[in-house]
Each structure stands twice: as structure tokens, then as C-alpha cells.
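Just so you know, the sequence shown maps onto residues 1 to 501 in UniProt numbering.
Don't read these hints as lab results, they were simulated from the structure. Ideal placement from N, C-alpha and C gives every residue a C-beta, glycine not left out. Don't take every hint at face value.
[As the list claims (entries may be wrong)] Between beta-carbon pairs, the in silico distance windows are: (1) E335 - D215: 54 to 64 Å; (2) S273 - R484: 41 to 51 Å; (3) S273 - D420: 38 to 48 Å; (4) E68 - D215: 20 to 30 Å; (5) P119 - N390: 46 to 56 Å; (6) R454 - Q96: 44 to 54 Å.
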Amino acid sequence: MLSRPVMLLGRVPAPRLRLSAFRLRSQSSLASTIGDFTAKLHHPKFSVAARDVRILLKPTEFHDQLKEMIERAQTRIFISSLYLGSMESDLVVSLQRALERRPHLRLHMLFDFNRSTRPEPKSTAKLLAPLIAQFPERVHISFFRSPSLRGLMAKLVPPRFNEGWGTWHAKIYGVDNEVMISGANLNKSYFTDRQDRYIHFSASDQQRLSHYCFDFIRTVSNFSFRLLPPAKDSLPEHSVRTEEYNLRWPLPETHPHQIHGFAQTALTSLQESYRHLTSEPLDPGKFALYPLMQAGQFHIRDEEQTLHLLFEHLNSVQNSRALVDLTSGYFGLYEPYQKLVLESSNVDCRIVAASPRANGFYGSRGVSGRIPEGYTLLEQRFMNAVAAANRQNSVQLTEWEREGWTYHAKGIWVSDTDPDALPKLTIFGSTNLNSRSAHIDSELSFLMVAPEGREEAALRMRRKLFVERNYIRAWSKPWKGAERKVRLGTRFLAWLVGGML
Numbered sequence: 001m002l003s004r005p006v007m008l009l010g011r012v013p014a015p016r017l018r019l020s021a022f023r024l025r026s027q028s029s030l031a032s033t034i035g036d037f038t039a040k041l042h043h044p045k046f047s048v049a050a051r052d053v054r055i056l057l058k059p060t061e062f063h064d065q066l067k068e069m070i071e072r073a074q075t076r077i078f079i080s081s082l083y084l085g086s087m088e089s090d091l092v093v094s095l096q097r098a099l100e101r102r103p104h105l106r107l108h109m110l111f112d113f114n115r116s117t118r119p120e121p122k123s124t125a126k127l128l129a130p131l132i133a134q135f136p137e138r139v140h141i142s143f144f145r146s147p148s149l150r151g152l153m154a155k156l157v158p159p160r161f162n163e164g165w166g167t168w169h170a171k172i173y174g175v176d177n178e179v180m181i182s183g184a185n186l187n188k189s190y191f192t193d194r195q196d197r198y199i200h201f202s203a204s205d206q207q208r209l210s211h212y213c214f215d216f217i218r219t220v221s222n223f224s225f226r227l228l229p230p231a232k233d234s235l236p237e238h239s240v241r242t243e244e245y246n247l248r249w250p251l252p253e254t255h256p257h258q259i260h261g262f263a264q265t266a267l268t269s270l271q272e273s274y275r276h277l278t279s280e281p282l283d284p285g286k287f288a289l290y291p292l293m294q295a296g297q298f299h300i301r302d303e304e305q306t307l308h309l310l311f312e313h314l315n316s317v318q319n320s321r322a323l324v325d326l327t328s329g330y331f332g333l334y335e336p337y338q339k340l341v342l343e344s345s346n347v348d349c350r351i352v353a354a355s356p357r358a359n360g361f362y363g364s365r366g367v368s369g370r371i372p373e374g375y376t377l378l379e380q381r382f383m384n385a386v387a388a389a390n391r392q393n394s395v396q397l398t399e400w401e402r403e404g405w406t407y408h409a410k411g412i413w414v415s416d417t418d419p420d421a422l423p424k425l426t427i428f429g430s431t432n433l434n435s436r437s438a439h440i441d442s443e444l445s446f447l448m449v450a451p452e453g454r455e456e457a458a459l460r461m462r463r464k465l466f467v468e469r470n471y472i473r474a475w476s477k478p479w480k481g482a483e484r485k486v487r488l489g490t491r492f493l494a495w496l497v498g499g500m501l
């Protein structure tokens with residue numbers, strides 16, 4: 001059971017989050033068994049030196065790091081995100097200046113089609129169209145369209161709600177051989193007052209990782225709409241023509257609603273092409289990094305399979321309990337994941353979810369304004385399941401709230417149950433660990449596992465993970481969802497949309 005419950009549930013003041021303030025345990029009874037878990041993984045594996053990993057804590061750091069990366073880019077910039085915010089013209093200018101400075105620099109970007117082509121004055125497509133016109137040979141921008149929304153529904157669903165049938169959700173920010181993985185999008189709030197996670201891998205020894213992320217973007221671009229200037233030339237079938245830009249469909253013989261087989265083959269082939277790295281021995285003192293795709297509509301479930309293996313392993317470890325810290329800005333834990341949490345009697349779980357006020361939809365107009373209330377309903381159902389499983393002492397839910405901020409962080413940290421134990425592994429990236437992420441959206445996350453032994457560089461990295469986890473928990477407080485009322489209309493909408501929340 002969770003030890004020292006007052007400390008675990010209490011709020012830790014952010015100003016006190018200094019490394020020297022913690023008693024840090026370097027030894028872990030859990031650590032010696034993690035190798036048994038990773039031996040069962042068959043995903044590509046990258047070896048990462050601890051000195052090359054930087055964990056950022058604040059949105060402003062994410063913004064500054066991204067701008068610095070663009071400024072020093074020499075040969076390529078590759079970005080994957082849900083969308084580019086309408087206020088981010090300065091970021092477009094940064095990209096433009098980088099392309100002007102470096103004649104050999106190329107730009108590859110991948111976004112979600114529905115989110116990026118909304119009929120608004122400054123959609124992502126409209127903001128980026130001038131770059132295509134100025135650098136037609138060096139800029140490649142694509143928009144992935146989920147095939148789940150099709151037929152009559154594709155014509156009837158308003159643009160503001162068509163994301164409910166799936167989005168391109170992977171977040172990759174890379175230049176040359178350095179990469180930053182996050183859950184954050186390219187919008188002002190994500191740069192100022194929307195909390196997320198951000199892990200940066202420097203360029204010194206990350207060629208394989210950066211090539212993988214670059215290949216991942218290019219692979220999906222092969223079955224996505226390509227942004228082009230608004231020329232009057234003929235376009236392949238299924239392409240889209242507007243006054244400001246054209247969207248060229250690259251597979252004229254395949255309808256955009258029927259790409260399931262093509263996408264599954266392409267993404268599976270990408271994983272296979274890097275799978276030879278799995279058998280390579282890990283250098284002493286280096287972290288192992290495993291990419292986890294999750295695209296349920298294409299029958300790709302790396303994340304789901306990995307979490308099943310992880311909980312199965314943690315629950316089987318003798319003479320040691322594991323502590324899983326889990327967080328999601330949109331907490332509607334996928335039902336098989338709920339089962340893992342509730343049935344793993346040897347695993348304690350602390351969960352941080354966004355409070356209603358920290359939900360990005362809080363105060364929205366119309367139906368979307370009920371979304372925070374919908375997540376309260378899902379949290380109530382989860383906590384009822386916790387009580388029914390008699391797991392109240394080992395599964396705790398807290399809510400994140402900070403005045404004027406919203407919450408978007410997601411991921412997992414695993415350590416011993418002692419609150420001072422250093423995390424042994426973490427999962428980070430785009431997944432919200434909910435039904436949407438499992439079935440509808442297309443995600444990319446990473447599992448990072450610390451090496452065995454007591455090398456100082458590795459311990460420093462684990463301390464950074466410890467600080468990151470506690471920085472996020474610093475703004476959490478006891479869950480109050482049981483006291484909140486959920487209107488009948490919200491219950492009906494939650495039933496209607498099901499796993500789209």
C-alpha cells in the first residue's frame with residue numbers, strides 16, 4: 001500500500017523543488033528486475049547517453065528551446081504536431097529566416113488535416129502557405145486525415161467537431177540530429193501557461209533517434225495531403241483546391257477514407273526497418289529508448305502491448321512493491337489500462353488529472369464547454385471501480401490546478417514505493433492513455449529505461465526524472481470530483497460520444 005499518505009496526497013510548494021531538498025535513493029530493489037521486462041520488448045531500441053538528455057519543466061523553456069533549435073538548424077528541420085496556432089506568425093518568420101540563411105536547409109512538417117484546415121482567417125494551412133510559395137523545392141508540409149470520418153458524417157459534422165473521429169497527435173520537434181519529444185502543440189498557451197512535458201535529446205550522439213523520427217514523419221506524409229501553392233494545374237483525384245492553397249492527395253488510386261491497409265503496412269515496415277537495434281547491447285551508463293506507436297484504427301498497438309507487459313512484470317516482482325505515477329490532461333483511462341491498475345495488487349498507483357478549471361475546454365462555448373464535466377463523470381466512474389476493487393489505499397487520484405494555467409501533461413514514471421526513490425523508467429510523448437489515444441488518434445510515445453548500476457551520469461538523469469515528476473505533483477491536490485454534480489445532459493453526451501472524450 002502507499003506509504004506516508006499525507007506526504008503523497010499533500011501539495012508540495014513549487015519554490016521548494018530543489019534537488020538538494022530531497023533524500024534521493026540510488027538503490028532500488030525494483031531496478032534489478034527491469035531487465036526481465038525489457039527483454040520481452042521487440043520494438044526498436046536507441047541507446048541514449050544521460051549527458052545528452054535535458055528535461056525541461058516550463059512552457060517558456062519549451063518555446064525557447066524550439067526557437068534555438070530552429071536558429072541553429074543546418075540541413076533539416078522536421079516537426080510533427082496537431083496544429084500551428086493562429087497567433088504563431090513569429091514562429092513562421094523564424095522558419096522563413098532559417099531557410100533564407102541556409103540554402104541547403106529543408107523543412108518537413110506534418111499536422112492534422114481537420115484541425116489545420118478549419119475555415120478561419122489564420123488556419124495552419126493559411127499560415128504556412130507563404131513558405132511553400134517562397135521555397136517550393138525545400139519545404140514539404142503535409143496534413144494527415146483520419147479515415148474514420150467518412151461518408152455522410154464527413155459532410156454533416158461541423159469543422160469544430162470533426163476531430164472527434166481521430167487526429168494526428170504525435171509531437172516531434174527536431175533539427176539535424178537533435179530531437180525534442182513533447183505532448184505540447186505549437187500554440188501560445190503551450191509556450192506560456194499550459195503545463196506539459198518536454199524532453200530534449202542533444203545532437204552529439206542521437207543520429208539514429210533523429211533519423212527514426214524524421215523517417216516517421218516522412219512515412220506518414222506518404223499517405224497525407226501535401227500543401228501546395230494555389231496553382232491552376234490539374235490535381236490528382238481526391239485532392240482539394242482552395243483560393244489560398246491546394247492540398248494534393250499522393251495516392252490517387254486509393255481513397256483517403258480507405259488508407260487503413262496502406263498505413264498499417266507503412267508504419268509496420270518502419271518499425272521493422274529499425275528493429276535490428278533491439279538486439280544491440282546497451283552501453284554501460286546509457287538509457288534505452290523505445291518508440292511506441294499507437295494507431296488503433298490501423299491495428300498498431302505498441303503502447304498497449306508494452307503497458308500490459310510492464311504491469312504484468314511489476315505485479316510479479318517478489319519482495320518489492322512498485323509505484324506507478326500516471327498523469328493525463330484528459331483523464332479517461334482506457335478500460336484495459338484501468339483493469340491493469342485495479343488488478344495489479346503488487347503495484348501502487350498515484351494519478352494526477354486536470355481539475356475542471358485546468359482543462360483546456362473550461363469556459364468554452366456550446367457543447368465543448370461540457371467536456372470538463374464529462375471528464376469528471378469518467379473520474380467518478382473510475383473511483384467507483386477503485387472502491388469496488390477495494391484498492392482505495394493503493395490507488396489515489398489527485399487533480400492539478402494552478403491559477404491561470406491549464407494542464408496537458410501526460411505519461412508514466414515507475415519507481416519503488418518509497419517517495420524518495422528515483423524513477424527507473426518513464427513513458428512520455430503524445431498519448432493521453434485514454435480511449436481516444438488507444439483507438440482513434442495516431443500517437444507516438446517513448447519508453448525510456450535507466451541502466452543497471454550506479455554510474456553518476458545515470459543517477460543524475462534519474463534525479464531529473466524525480467524532479468520532473470514532483471514538479472508536476474507540486475500543483476496537485478486531493479480529488480474533489482466526488483462532490484461535483486454532473487448534469488443529465490452531460491451524461492447523455494458522454495454516452496453519445498463514447499470513446500471520443
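- Would you list, in rising numerical order, the hints stated earlier that this structure does not obey? Failing hint: just 1.
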